[in-house]
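> Residues per chain, in single letters:
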Amino acid sequence: MRTTTAATSRPYLGYGLGLRTEHYESVLRQRPAVDWFEIISENYMVGGGKALHFLERIRADYPMVMHGVSLSIGGSDTLNEDYLRELKTLAARVEPEWISDHLCWTGVEGYNMHDLLPLPYTEEAVRHVAERVCRVQDFLGRQILLENVSSYLSYDCSHMPEWEFLAAVARRADCLILLDINNVYVSSHNHRFDPHDYLNALPAERVRQFHLAGHTHSGEIIVDTHDQAVIDPVWKLYASAVRRFGMVSTMIERDDNIPPLDDLLAELEQARTIAAPILKSLVA
Amino acid sequence: MRLRVLQRQFQNALLGGDRQLLTHVAPTPGADAEQRIDIYAQAYRLRLQEALEVDFPKLRTLLGTDPFDELAQAYIERHPSQQPSLRWFGRHMAAFLTQAAPWSAQPALGELAAFEWAQGEVFDAPDADTVAVAEIAEISPQEWPRLHFQPHPSLRRLDLYWNVVAVWQALDNGEAPPPLLAATKAQAWLLWRRQLSIHWRSLGVEECWALDAWRRGASFGEICEGLCEWVAPEQVPVHAASLLKSWVDARLISVLVGG
Ligand SMILES: [Fe+2]
Chain Y
1 MRTTTAATSR PYLGYGLGLR TEHYESVLRQ RPAVDWFEII SENYMVGGGK ALHFLERIRA
61 DYPMVMHGVS LSIGGSDTLN EDYLRELKTL AARVEPEWIS DHLCWTGVEG YNMHDLLPLP
121 YTEEAVRHVA ERVCRVQDFL GRQILLENVS SYLSYDCSHM PEWEFLAAVA RRADCLILLD
181 INNVYVSSHN HRFDPHDYLN ALPAERVRQF HLAGHTHSGE IIVDTHDQAV IDPVWKLYAS
241 AVRRFGMVST MIERDDNIPP LDDLLAELEQ ARTIAAPILK SLVA
Chain E
1001 MRLRVLQRQF QNALLGGDRQ LLTHVAPTPG ADAEQRIDIY AQAYRLRLQE ALEVDFPKLR
1061 TLLGTDPFDE LAQAYIERHP SQQPSLRWFG RHMAAFLTQA APWSAQPALG ELAAFEWAQG
1121 EVFDAPDADT VAVAEIAEIS PQEWPRLHFQ PHPSLRRLDL YWNVVAVWQA LDNGEAPPPL
1181 LAATKAQAWL LWRRQLSIHW RSLGVEECWA LDAWRRGASF GEICEGLCEW VAPEQVPVHA
1241 ASLLKSWVDA RLISVLVGG
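Just so you know, the protein sequences line up as chains Y and E, in that order.
Be aware that the first sequence starts at 1, since it is given in the numbering used here, and climbs by one per residue.
Be aware that the second sequence starts at 1001, since it is given in the numbering used here, and climbs by one per residue.
Calculated from the structure, these hints are not laboratory results.
Since we're looking at a predicted model, the values are computed, not measured.
Hints are not guaranteed to be accurate.
What the hints assert, rightly or not - Quick list of simulated restraints, FRET-style, between CB atoms: (1) Trp1088/E with Asp255/Y: 16 to 22 Å; (2) Arg57/Y with Glu1143/E: 44 to 50 Å; (3) Pro32/Y with Val1005/E: 44 to 50 Å.
What the hints assert, rightly or not - Straight-line Cα separation of at most 20 Å, SDA-like style, residue types lysine to any residue; simulated pairs: (4) Lys50/Y with Ala1051/E; (5) Lys236/Y with Asn200/Y; (6) Lys50/Y with Arg1251/E; (7) Lys50/Y with Tyr1161/E; (8) Lys50/Y with Phe1123/E; (9) Lys50/Y with Glu1121/E; (10) Lys50/Y with Gly1174/E; (11) Lys50/Y with Ala1250/E; (12) Lys1058/E with Tyr1161/E; (13) Lys50/Y with Asp1124/E; (14) Lys50/Y with Gln1195/E; (15) Lys1058/E with Gln1195/E; (16) Lys50/Y with Pro1178/E; (17) Lys50/Y with Asp1129/E; (18) Lys88/Y with Pro1126/E; (19) Lys50/Y with Pro1153/E; (20) Lys1058/E with Glu1070/E; (21) Lys1058/E with Pro1178/E; (22) Lys50/Y with Trp1200/E; (23) Lys88/Y with Ala1250/E; (24) Lys50/Y with Ala1128/E; (25) Lys50/Y with Glu1070/E.
Said to hold, decoys possible - Partial list, computed: chain E residues near chain Y (C-beta under 8 Å): (26) Val1025; (27) Gly1030; (28) Ile1037; (29) Tyr1040; (30) Ala1074; (31) Pro1084; (32) Ala1125; (33) Pro1151; (34) Pro1153; (35) Arg1193; (36) Leu1196.
By construction, the Cβ of each residue, glycine as well, lies at the ideal position given by its N, Cα and C atoms.
Only chain E is shown next, with the shape it has when bound in the complex (with noise of 0.2 Å):
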């Protein structure tokens, strides 16, 4: 019996129940083969079912125990893990209940497994300093417009249609939920690491804007020209220095490059 076709067996018996690996396995008193087979495939669902729990806790109260157990099923026969750490095991799964049925049909679920991924993400992302507000007042008026700056390496960024801020924040409090609502235009959400803790807030038009620009490594001067669209010209480079500066103080920005 080669190694690699008897792990394969039992390997297929864990994913789909497949039941050649039954004539391989030793008689032993105690429990039959199938029984001792189905020891290891119930721990592996449970397994990956757990570490679901873990990630996505406030889609679970939303869904309930066991419509969230029939999620997870098909999640875990959808995507059997591939990486070594059960860590990175959920990371399709806003985007599963974005295309599969019946969870397809609300795609609040979607954004709120997107939302609870998100602050996963944050949660452990790379550590890095971060620029305080006297190394700013360094900065002479000509290096200004060519500045660029590195967000902190656990930046994230969010579109939701749906309220599932609200929601996930009223279930964390243990209220009930407000009913779901969905906006005709996409709410910007802002996520980061502060030392080790999780923050997030809803960004305005612009600033959303003029994040998004900084984080394709537009400079300051570019910034300040795409601003226009939204502030006077004259009050341009003042609204661009208060909001780098609310960056800075919530500890956004990692580094400063000079021009």
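Same shape as in the complex, but just chain Y (with noise of 0.2 Å):
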């Protein structure tokens, strides 16, 4: 199943969708035509049951990656050992292509804040956050993928936009990156930048993953709620990811208001269908 993109010996796994417990049970009876499935670490983070059950038979079938969402690569806290302990713990058992998290913090003082909050864009979090990955990469001993996050606030202290940012702690703690379409758009909104100058600054070889997702507006600023279909305009804006990244393994987050297994298969063909002329074409 994995292959490699001639262009820039990228691991490709094809079209994905992340795996949710409403879909277990389709999933192991339709053996859908998804190439790989991305699983959030924390939710299987547990002792056993069903989660874990159905974890196993689901890995046996497809090709999995782990995204979480709780390392605080970003937080100014220690990290946090028993978390990494048990994300390299999963890791061995689930043996994923890669494993991910965001570019973001999560809470200080040992508080969680269950959400993906925005880092100041400085030289301090630069260095800061690259040392912390490097130090993440060395225990987990392989390279992890950084997700630019949706933000709907931006700090005064910022000296450099988000794509710079993201740029240099990738190249800094040469570290690869997962780059969430739709985040790009919907911060491009909220803090009124073209979408386009974020992609054409990134380091084209270090991105080694696609999300697609919906959102909601909620009056003049978008927020990230991954309970929609994709948009249009996210839709063209993985058109030009596409023809810029060339062959880059793309998958569906929805997490909420999560539809039949179908209507995601039915998206995921969406991806596959507009990213195919343009990869023919990348090839000619």
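Could you fit the two chains together into a complex? Lean on the hints.
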């Protein structure tokens, strides 16, 4: 299943979905034509029972990647070693193609806000995050992917755009990038920048995975809710991203208002349909 | 601006409406700093509240949605999350309900929360193989007295004064719950997982004693001795053996340790 794209020798999994509890049974019954699944790591950091039972059965048939929400790579507490150990234990069980989390922080002084909170885009933060990424990568014995998050505010102390910050962290820590196309779109709206500037500024060889998702408008601000279908402007941005980055493993991320599996399969088919001619033209 | 200071101020804005963060938000068209912080603050409360709704669905039905929201907000303020996973966020709810007014005036609420939380613990407790009846049959008579057994990791015990299990069951069936009633003595309950499904049943006094003794590490011989308080001595071996068999049948025992 795992292939390598010629241009960048980047591992490529194809088209995937986020694995959700609601779909466990349908996945086993239908064996859908999904190339791979992404799991939320924290959901499987439990002793046993249903989640691990289905994880094992589905893993037997599909490649997987692990996606975490609590690493708090930009947090100013020390790294949570218990969490890292649990992550490593889960990785030994799942044998994921790769492990990702978000370029954000989730809390300080031992608290967890359970949100992907924005970082200031400063040299101090680049150094801080990159140094922590290195330690995580050393501990896990592998490179990790960091995902750009949607954000609703920016700080007056930031002195570089988000894309420069992400690129700087990735280069300094020698880590990879999970590019969430919807998050680029959402943040470009909320902070009034051109999303193409974002795509153009990233080091292409480090982009390993795409997320696609839907969102909700809340007045003038777009909130990244993952509870809707992917909208047209995001599909267009996805096409631009495929043109820019080539073959990158792509998945639909739906976390709320979860529709039947077939609806998500249809959405994933749309991604294939959009990417196929572009990829063909890139090869030609 | 030091990262840590900024993060502390941001967190304080979420936890308690602290306004220091306001001065550090860059002006951007579309929404002012207050509105932007508010998106995070609202999302924070909503997300934690949703986690409680998932863990305490019948408590929510019994209280009604608005009173439950009030409870959730009070709980969120009292017990901010300190875990990587939201899975554990509600773990103080039963204790909170028994301690915090006005909920503490209705002790049944704390018991219902304890029952729902125990179900969650049973649901994703570690897996373990269980002992089959055939394995018991292989044990020689002289080994029996010194036999110890290890419970399945999902096993939980609750002592409940209120009829919250009946209330839970009625609500789960979509029926009107019976009126809340308290007994003068607590009823012992046992919860456990069998394959992937959660089971529970009430326990008689002597079975409850035997089960608790077993979980404390008592041997089969010691359990037999203790059962003499309720059962005639000549009937104790048969009685204890039938208890053990029912536990094995229910898949409660994961390891037998010989004498
Ligand atoms: Fe994402």
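> Taking the least C-beta to C-beta distance, is Leu1196/E closer than 8 Å to chain Y?
Constraint on Leu1196/E satisfied, holds at 5 Å.
> With a cut-off of 20 Å on the C-alpha distance, tell me whether Lys1058/E and Gln1195/E pass.
This hinted pair is violated, its Cα atoms lying about 24 Å apart.
> Holds or violated: Lys50/Y and Glu1070/E, Cα atoms, limit 20 Å.
Given pair Lys50/Y, Glu1070/E is violated - Cα atoms ~31 Å apart, limit 20 Å.
> What's the verdict on Lys88/Y and Pro1126/E, does the C-alpha distance respect the 20 Å limit or exceed it?
holds, 18 Å
> Against chain Y, is Gly1030/E within 8 Å by beta-carbon distance?
Holds. Min distance 4 Å.
> Tell me if the straight-line CA distance from Lys236/Y to Asn200/Y falls inside 20 Å.
Holds, because 15 Å separates the two Cα atoms, which is no more than 20 Å.
> Keeping to a limit of 20 Å between CA atoms, is the pair of Lys1058/E and Pro1178/E held or broken?
With a Cα-Cα distance of about 13 Å, the restraint between Lys1058/E and Pro1178/E holds, given a limit of 20 Å.
> Holds or violated: the hint that Val1025/E contacts chain Y, with Cβ atoms closer than 8 Å.
holds, 5 Å
> Are the Cα positions of Lys50/Y and Gly1174/E separated by 20 Å at most?
violated, 25 Å
> Would the hint on Ile1037/E be counted as holding, given a Cβ-Cβ threshold of 8 Å to chain Y?
holds, 6 Å
> Against the 20 Å threshold, does the CA-CA distance of Lys50/Y and Gln1195/E hold or violate the hint?
holds, 9 Å
> Between the alpha carbons of Lys50/Y and Tyr1161/E, is the straight-line distance 20 Å or under?
It is violated: about 31 Å lies between the C-alpha atoms, which goes past 20 Å.
Consistency with the previously given hints fails for numbers 2, 7, 10, 15, 16, 23, 25, 30, 33, ordered from lowest to highest.
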